[in-house]
Structure formats: structure tokens, C-alpha cells
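Chains as they are written, first to last, in this note's numbering: chain A, 1 to 260; chain B, 1 to 260; chain C, 1 to 260; chain D, 1 to 260.
Hints were generated in silico from the structure; no laboratory data involved. Certain hints may be false.
Copies of the same chain look alike in the list, so a pair counts if it fits in one copy or across any two.
[Unchecked claim] As a list, the in silico PhoX-like pairs of lysine-lysine whose alpha-carbon atoms are at most 25 Å apart:
hint	residue 1	residue 2
1	K211	K198
2	K167	K198
3	K167	K22
4	K179	K16
5	K198	K79
6	K198	K133
7	K171	K112
8	K203	K133
9	K79	K112
Protein chains: 4
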Amino acid sequence: MTDVQNQPDTRGIKIKRTGVTKVHLPFLISDGDEVQQVAAQIRFTVALPENLRGTHMSRLTEILTDWTARPIKIPDLEKILLDALEKLSTDFAAITLVFKFFLKKFSPVSEKFSLSSVDCELCGELLRGERMKFTLGLIVPFTSLCPCSKEISNFGAHNQRSVCRVKLTFKNFDDVSIKNFVRLIEAQGSAEIYPLLKREDEKFVTEAAYKNPKFVEDILRDVVLVLRRSENLEAFEVECENFESIHNHNAFASHAEILS
Amino acid sequence: MTDVQNQPDTRGIKIKRTGVTKVHLPFLISDGDEVQQVAAQIRFTVALPENLRGTHMSRLTEILTDWTARPIKIPDLEKILLDALEKLSTDFAAITLVFKFFLKKFSPVSEKFSLSSVDCELCGELLRGERMKFTLGLIVPFTSLCPCSKEISNFGAHNQRSVCRVKLTFKNFDDVSIKNFVRLIEAQGSAEIYPLLKREDEKFVTEAAYKNPKFVEDILRDVVLVLRRSENLEAFEVECENFESIHNHNAFASHAEILS
Amino acid sequence: MTDVQNQPDTRGIKIKRTGVTKVHLPFLISDGDEVQQVAAQIRFTVALPENLRGTHMSRLTEILTDWTARPIKIPDLEKILLDALEKLSTDFAAITLVFKFFLKKFSPVSEKFSLSSVDCELCGELLRGERMKFTLGLIVPFTSLCPCSKEISNFGAHNQRSVCRVKLTFKNFDDVSIKNFVRLIEAQGSAEIYPLLKREDEKFVTEAAYKNPKFVEDILRDVVLVLRRSENLEAFEVECENFESIHNHNAFASHAEILS
Amino acid sequence: MTDVQNQPDTRGIKIKRTGVTKVHLPFLISDGDEVQQVAAQIRFTVALPENLRGTHMSRLTEILTDWTARPIKIPDLEKILLDALEKLSTDFAAITLVFKFFLKKFSPVSEKFSLSSVDCELCGELLRGERMKFTLGLIVPFTSLCPCSKEISNFGAHNQRSVCRVKLTFKNFDDVSIKNFVRLIEAQGSAEIYPLLKREDEKFVTEAAYKNPKFVEDILRDVVLVLRRSENLEAFEVECENFESIHNHNAFASHAEILS
Numbered sequence: 001m002t003d004v005q006n007q008p009d010t011r012g013i014k015i016k017r018t019g020v021t022k023v024h025l026p027f028l029i030s031d032g033d034e035v036q037q038v039a040a041q042i043r044f045t046v047a048l049p050e051n052l053r054g055t056h057m058s059r060l061t062e063i064l065t066d067w068t069a070r071p072i073k074i075p076d077l078e079k080i081l082l083d084a085l086e087k088l089s090t091d092f093a094a095i096t097l098v099f100k101f102f103l104k105k106f107s108p109v110s111e112k113f114s115l116s117s118v119d120c121e122l123c124g125e126l127l128r129g130e131r132m133k134f135t136l137g138l139i140v141p142f143t144s145l146c147p148c149s150k151e152i153s154n155f156g157a158h159n160q161r162s163v164c165r166v167k168l169t170f171k172n173f174d175d176v177s178i179k180n181f182v183r184l185i186e187a188q189g190s191a192e193i194y195p196l197l198k199r200e201d202e203k204f205v206t207e208a209a210y211k212n213p214k215f216v217e218d219i220l221r222d223v224v225l226v227l228r229r230s231e232n233l234e235a236f237e238v239e240c241e242n243f244e245s246i247h248n249h250n251a252f253a254s255h256a257e258i259l260s
Numbered sequence: 001m002t003d004v005q006n007q008p009d010t011r012g013i014k015i016k017r018t019g020v021t022k023v024h025l026p027f028l029i030s031d032g033d034e035v036q037q038v039a040a041q042i043r044f045t046v047a048l049p050e051n052l053r054g055t056h057m058s059r060l061t062e063i064l065t066d067w068t069a070r071p072i073k074i075p076d077l078e079k080i081l082l083d084a085l086e087k088l089s090t091d092f093a094a095i096t097l098v099f100k101f102f103l104k105k106f107s108p109v110s111e112k113f114s115l116s117s118v119d120c121e122l123c124g125e126l127l128r129g130e131r132m133k134f135t136l137g138l139i140v141p142f143t144s145l146c147p148c149s150k151e152i153s154n155f156g157a158h159n160q161r162s163v164c165r166v167k168l169t170f171k172n173f174d175d176v177s178i179k180n181f182v183r184l185i186e187a188q189g190s191a192e193i194y195p196l197l198k199r200e201d202e203k204f205v206t207e208a209a210y211k212n213p214k215f216v217e218d219i220l221r222d223v224v225l226v227l228r229r230s231e232n233l234e235a236f237e238v239e240c241e242n243f244e245s246i247h248n249h250n251a252f253a254s255h256a257e258i259l260s
Numbered sequence: 001m002t003d004v005q006n007q008p009d010t011r012g013i014k015i016k017r018t019g020v021t022k023v024h025l026p027f028l029i030s031d032g033d034e035v036q037q038v039a040a041q042i043r044f045t046v047a048l049p050e051n052l053r054g055t056h057m058s059r060l061t062e063i064l065t066d067w068t069a070r071p072i073k074i075p076d077l078e079k080i081l082l083d084a085l086e087k088l089s090t091d092f093a094a095i096t097l098v099f100k101f102f103l104k105k106f107s108p109v110s111e112k113f114s115l116s117s118v119d120c121e122l123c124g125e126l127l128r129g130e131r132m133k134f135t136l137g138l139i140v141p142f143t144s145l146c147p148c149s150k151e152i153s154n155f156g157a158h159n160q161r162s163v164c165r166v167k168l169t170f171k172n173f174d175d176v177s178i179k180n181f182v183r184l185i186e187a188q189g190s191a192e193i194y195p196l197l198k199r200e201d202e203k204f205v206t207e208a209a210y211k212n213p214k215f216v217e218d219i220l221r222d223v224v225l226v227l228r229r230s231e232n233l234e235a236f237e238v239e240c241e242n243f244e245s246i247h248n249h250n251a252f253a254s255h256a257e258i259l260s
Numbered sequence: 001m002t003d004v005q006n007q008p009d010t011r012g013i014k015i016k017r018t019g020v021t022k023v024h025l026p027f028l029i030s031d032g033d034e035v036q037q038v039a040a041q042i043r044f045t046v047a048l049p050e051n052l053r054g055t056h057m058s059r060l061t062e063i064l065t066d067w068t069a070r071p072i073k074i075p076d077l078e079k080i081l082l083d084a085l086e087k088l089s090t091d092f093a094a095i096t097l098v099f100k101f102f103l104k105k106f107s108p109v110s111e112k113f114s115l116s117s118v119d120c121e122l123c124g125e126l127l128r129g130e131r132m133k134f135t136l137g138l139i140v141p142f143t144s145l146c147p148c149s150k151e152i153s154n155f156g157a158h159n160q161r162s163v164c165r166v167k168l169t170f171k172n173f174d175d176v177s178i179k180n181f182v183r184l185i186e187a188q189g190s191a192e193i194y195p196l197l198k199r200e201d202e203k204f205v206t207e208a209a210y211k212n213p214k215f216v217e218d219i220l221r222d223v224v225l226v227l228r229r230s231e232n233l234e235a236f237e238v239e240c241e242n243f244e245s246i247h248n249h250n251a252f253a254s255h256a257e258i259l260s
């Protein structure tokens, strides 16, 4: 059977990324001493040399299928990418896994246990001969309470659910803790949020937010400050978005930084 | 050229709805004395008799294309459906148009003008020989402020953006005003929301919501009460959803009623 | 602390469904002799008597949190709902779990193993004193190849990815197999699809689809025929949608039936 | 009333982008000699100096409201941004408008008229004292037919809907034609697609695609070649994605280039 993908190509264009996207597979993700089974959406691509017509995409799906059964720590992403370099005879490979990561939460007063979900993205890129470049993406929810609304109103203050989206690139990815970065970021809103709150907890969260009013810009700056203090980061991007309770649109702020 | 759609079918199954969906077209929608050009997403289907294999779907797209240039009042949907009955030789046709409908808003104190968007769905169904059955769908945003949080907290109260989704079926659709139903529903939250608020307006909205705390169930019941008083309705479905600022999930309530 | 939810309500409206929605939690779903950990999106609601102002929604989250650790067979949904009837002192409860369900697939010629994902929805509704009403929702993908295009063209035929969405209500839900219904439905397209296909498999799937051309109406009718033969069903709804490769919109057909 | 936004900030962080997002407004977009009313989703941000606490976001909504009534050519985006620099006393502003753009299409044989929709994004960024940097984003659909499947199969070939997403940055944006770039890109698939096709057209499109098989990598490379020949471009990013009819995932390729 003709291998059409293997035909020569004369257009002279090396393609940086070609492969499969929106693949859904279960993965076992290790974070610290915990293993979570997640339902991941995956993009898995490789570079295609300029002299070849197409990629053997089924090999990418084969590699992914192999890895669904084994616990994956972040450094294992490098092994997946090395596998791709070899099986597809190329010099660059990239993988992105997007999934819901579940975090144990205890409500602030009654200490009731529940599980909170955070959108998590693990992204590895490997150029042959170098170490993998690893980026952790998180979308972390919390409450924000408007300082202006509090200041000018005789009572109350508008507040709302907000998210902080970060993309964190690491100097060394061996011991990155997803959970710790979630905790770091969720602490920068006006108050943390919880799946399960009894009345005494709801009072606590309401008052905590009221005592700690923050604009979307305040939250962004506070996230920037804690990320700058994080020793292991090489670069970061931050976006904060408030789903304004007094508008049908959102307030937004973003910032990116390369650390030395 | 063979007309494969016209081949006989022996499976004995009359299909209630078959046609095109996720068609995007501009439409001119008349509401009261105003005409808005909208970008509509459309589903347009007809019944297929049990003895025929397929529908001539291109005729549906042709009919839609014909109607993109002319202002459409709600009763015109019946003409579109009659067109479908005739051109597709069938006894049932249905159309759904989904679009952003823009509403003039003036902020409550400074009276600044802006445009608010509401998700709107017009749905017509026509059985040959009967009048069209018309359903208006709306997704209307507003603020909700939690009565429990206000009561138990020493200061502040959690609040958030909420939506009310309604599906309204009419006895008589000749004079339905989209705008009036939006106004009716947005008045049932803790406070209306606006695209444009200066500081004096923000103070007003914050305090208005604080003075008018409502659970998702309160809002649902108040919407039910105003819809029951609406003379022209035959039936309604209501869903309210609060994007809780203290949780990463939503509070929800729904209700449906047939009016006599 | 005042129990504001427990305040009397005088509007005289019993609410059929109120509770939490868009909760995300991991669940262990048993299907046949297999247990899958899934990331579920959940709606969990109860009826609210007309004389009470609000629902104690935190109790719903508590019940859900209790059930994240234990394997759930479909009949266990009834236990979750009974728990809700008791802990919320009400006479009706409903739960919907939506998640990716993974299915083992072996490619048709090379027999390579991979995992295919199907969108799955489990919905239980319980009225005190009755048995639970159970509905299984599935969104099953496959290929469709157009009979008209094949017939009129000198070579080739347009084909595309399609989905069939079903909602199946059961007489008896004790032994419902999710997997078996997926297999039943995916067999009704022009050809099954696979995450992993080597060249000999791709040839097989391409030719299989070409030999088995089906309109969206053909697929709908064939799904209706196999569902009618399924002994345990009480009612079903079917929607088929082809993501037409020659249009930027979709072809659609739907049908609903109550079986005696 | 205190101007809380105007309070001094000591964290020493200049924020590059802060403002409003997910604003929905109607806009009148001029392209060549045509004006289209579109329903736009908008992000509008400005830089916030390091010594100020917050942005006066209502001014951004005011500026947008002002511009909903007037036809906007691409160079007018610069005026909107200049307005923002002035009214918010800052040195950087950025705007992104996302909307459905409608294109006249005539079917290839019967020449039937219809309107095709393309996702369009206009993005302007202005640093005080410089010219605006303008980026045009497009998501253009077409058919792709697999060369491997055609080669190895005795009959037929799998094909599917595909999209090409581009981000084009211009040297000079005065005469950019949205329509022309859509036409350029849609010509690179295996065949163009149309909202309205009669049987003779469907035969034409089916055979055209079969005669012009292309991998996702082929399409990407052909788009790269035509963009390189486009005199006015400074840089481009291209992503191609095939919604594979034989898989439940997509084939993907991407490339970015800066032109000299």
C-alpha cells in the first residue's frame, strides 16, 4: 500500500506543528503524593520536515493510548515527547493536556469536606537534544468585591465570581505541585470559594470578601507579586476576569513577565 | 440526474423534523416600531412523509436566503413556514431563529445611554390548516443578592450575575413585543444591570440590590407571578440560574405552567 | 442564626426543581463488569413546597460529595435521590450526570486497541413512593456518506462526521448497559469511526462507508428501528446531525416515540 | 464621591491591558464598497500606569456606545483607540471585535445566490505616538479530501469539513479587504463549500474535492504560499483543522512567519 504521507514535498516549508487535536482520553495524573484519574482533552503534534508530505498521525494516537494506563508525573511528559521524536523521526514534539483537576477543600468554619474543580493545562514542548519546556496553565475561581462600590454605597458592595488564568513556565519542572499553585492563586481574590458552605461558613466568606475589596487590577497585581516570589518560574502570563454582577460584560486585566 | 431523495422508503417511519441546522444568516427583525439587523443562527425543518427517503434541503436554504433582505415581524414567520409547506410538499414545518437582541438602556441616575444584549429565540411551528404555534425564548440577565447571606452577615451580602431563561407560548402572536417581555423579566431580579454605569449609578444599583435580596427561588416565583398576569400567554417555562459568587457552581430553579 | 430558607412563603407556588447545577465532581460509574472514573458535570434538584421560601442547597452538595468515592451503578442513582428526599424533606428529586464515557475499540483490520469517547448523560427522577424514572442520554459519533452525492458523481461522494443523540427511558433500569447502547447506535451510520486506524483500516472504513451511503434521514430511521426492537425501552428521542462537508451548516433529523 | 480608581498604587506594576471584555454591541463594518451590520463581541483595554489603582472602565463602554451608530472602516479603529488614549489618559489601548462576516456566494454550476458566514476578528493596538498595529483574524471553512484514503481505497475517499484560522498583521491597513482574504484562503482546500447547492452543484463540488485531495499539511502549506505572496503582510499565523470523518478527533497543523 502506498505511503502517501511519505511522498516528497517540494514546497520547501517545514511545518512546526502537525498532529491530532481534541482527542479525549482518560489519564492518571500524579501531583505530589496523590494520583487523579482525569478526562483529558489532548493536542499532540510534531514538526514535519520540509521534504515530507504528511505526518503519520496514527502513531501519535498509539503513543497516547499507551500512556492512558500509567500514572503520569510532569517529567513523564518528556518521555511521551521523546517517544514521539523517535516514532515519527522528527526533532520537535509538543503535547497539551487539558482537564478538570480536583482539589480537597474544607469550609472555613464548619470544616466540611468537599472537592473543588480547577481547569488545568499541562503543556510540554521538546526540541531534540534539549530539555522539555514545560508550561502549567490554571483557571482558578474566587470571589471579588468591588472597592469602589463598597466605598460609595451606604450599605453592601457588588461582588461576583472571578477567575484568574495563568500560564507558568518553569526553570525546573521536576517538583512542580499543581495543587500548591492553585492554593497560591486562589488566595489573591477577595475571598476563596467553596463547593460546600454551611451557614456559619457563608457568613465567614461574605464578611471576608467585604473586608478585602479588590479591583480586577488589584487581584492581577497581587498575583504578579506572588508569582515573582516563586523561585522556580522562568516566565508567566496572568489574566484576571470578573463576571461583573452589575453588568452583562466582564472586567479584565492581563500581564506577562519574563523572570531573570 | 437521479433524484435520490425522492426514492420510495419502506421503513414506514414518518419523520417529524428534518432539515438544516446551525445556518447563520443576517435577518431584519421588527419589534414594535423598531427594526434590528441581527446575526441569526437558524434551524429550519419539515416533516418527511413515511414513503419518501429524503428531504430536499437546498429548498430550505433557498427560502431562508429569500427572507434575509426583508424586515420580519413575528407573524411573518408563518409566511416562511407556509412557503416551506408548499415548496417541500409537506404538512408540517418549524423554524427557530436565535440571535442577540439589543435593548436601549439608560443608567438609573446619570441617565447615560447604552445598549444591552439579550439572547432571543423565535420559534414557529406550523401544521397545515392550523395557525402557527409561536414560542418566544429569552435569556435575561440581572443581579441577585442572597437574603441568607445578608441576614447572617454583619456587613455585606454575596451577590452575582443571574439569568432568567423563559420560553413563552402565545395565544395570539400578532402583537408580541420582545422588548416588553425583556423589561418585565429583568425587573424581577434584585436589581437591573446596565452596560454603562457612572459612579452615582453604581451606588444606586449596589444599594438597590442590597435592599431587595432574593433567592433564586424568589426570582423564579416572581417571574411566574408576572407571567401568569400576562393575558396573551398560553404556556410558559422558566429557569433561573445564579452564577454564585461564593461557589464554583450555580444555584438553579425551574418551573413550567400551562395557562387556561 | 436565622434560617432564612425556612421562612414561610405566601406566593402559593410549589417549585418543581430547585438546587445546584454545573457542579463538577469525579464519579465512579459501573457499567457491566467495568468501573470507570469519570469527571461529571452535575445538576441536582428537589421540589420546594409552596409554603417554604428556599432550599438548603448545601445539603445537595453534601450528598454528592458522599457519593464521589463509591462505585455507582444506575440503580444507585435511586439511593442518591432517596437520600435527597429525606435530607431535604421533600417529595421529588432529580439528578443529571454528564460525562465522557470511554469505550474500548479495536480497529477493523489491524485490530489495534484504542479508547473512544462518547458523551453520556444519566438522568434519574424520583417521586416519593414511586420507582425512579431513568433516562440514558448518549451522543454517539460515526461517519455518514451521502447517497445523492454518490449517485450523481462520476467518482467520490461527500462524507462527514455525524452524531446521533438519543434519550432513552427504561421500563426497568436494573441491567441497562451503556456500552451496548453505544454499540447499537454507532452501527447505524455509514461506517463506525475509530481513534486509531492504520492504513489497512483506513481503506476498510473508507470503502465500508462508500458501500453504505445514508442520508441523515436514513440513519434516523435505522436508529428508530433498532430502538423499537429493544425490549426494555419505554420511550425514546433521537436526533441525528451531519456536519456536512460541503456546507458550513448541518443536516438534521429528529424523532420521538413512546413505546407500549 | 471618592474616586477609588484614582487612588495611588504602590505595588510598582504597570498593567499592559485592563478594561472590559465580552461586551456585545452592533457595529457597522465597512469592507470595500459594502457596509455590514454585525453583532460584535468586544474586548477593549488600556494600559494602567503603575501609580494608579484602577481603570475608569465606564469610559471604555461610553466610547464603544458612541461608535455603534457609525460605519467603521479598519482605519477607524485607530480613531477609537486614540479616543481611549485621551479619555483614559494612558499611552496604550487595544480593541478586538469578533463577529460573523457574511459573504456572497454563487453556487458553482446553477449560480444560485446565498450568504456564507465566516468568523472574523479585527484587532487594533495603539501605542501613543506610533501607528496602530492591525491584525485580521479569520476562520474560513472548506472541504478537505484525504489523499491517503483516495490512494489506498478501491472507491471513495474520506472527506470532511475543515477550517483554516489565520491571524494576519499588515504593513499598511488602509485598504485591507476582508472579503479578498476569505476568497484567497477558501480556495486552498480540496473544494469550496456553499450554503446552497442544487444537484448539479453537489456533483461539481464532490468531484472537485475528489480531484484535489489534500492533507491538512498540504492545505497549510498552500495557505502559507499564498500569504507569502501577499505584498502587504508583515506577519501571519495559520492553523488548519480537519474534523476527520473517520475519527472522533481532528487533524491539525499550524505555522507562523514574520515576513521581511
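Item to check | Same-copy or cross-copy closeness of K79 to K112 [CA-CA at most 25 Å] | outcome: Between copies only: 22 Å across chains, 39 Å inside a chain, cut-off 25 Å.
Checklist entry - 25 Å Cα cut-off: does K198 pair with K133 within a copy, between copies, both or neither? => result neither (43 Å within a copy, 31 Å between copies)
Item to check | Homo-oligomer pair classification [K22, K167; C-alpha up to 25 Å] | outcome: Close inside one copy (20 Å) and across copies (21 Å); limit 25 Å.
Next on the checklist: For K198 and K79, with the copy left unspecified, which applies at a CA distance of at most 25 Å: within, between, both, or neither?
Outcome noted: Only across copies: K198 and K79 sit 23 Å apart there, 45 Å inside one copy, limit 25 Å.
Checklist entry - With identical chains treated as interchangeable, where does the CA-CA distance between K203 and K133 reach 25 Å or less: within a copy, between copies, both, or neither? => result The answer is neither: 44 Å in one copy and 38 Å across copies each exceed 25 Å.
Checklist entry - Is it within a copy, between copies, both, or neither that the alpha carbon of K179 lies no farther than 25 Å from that of K16? => result For K179 and K16, neither the intra-copy (32 Å) nor the inter-copy (28 Å) Cα distance is at most 25 Å.
Item to check | 25 Å Cα threshold - placement of K198 relative to K211 | outcome: both (20 Å within a copy, 24 Å between copies)
Checklist entry - With identical chains treated as interchangeable, where does the CA-CA distance between K171 and K112 reach 25 Å or less: within a copy, between copies, both, or neither? => result neither (37 Å within a copy, 38 Å between copies)
Item to check | Homomeric proximity label, K167 with K198: Cα distance no greater than 25 Å | outcome: Neither way: K167 and K198 sit 34 Å apart in one copy and 34 Å across, limit 25 Å.
Consistency note: the structure conflicts with the earlier hints numbered 2, 4, 6, 7, 8.
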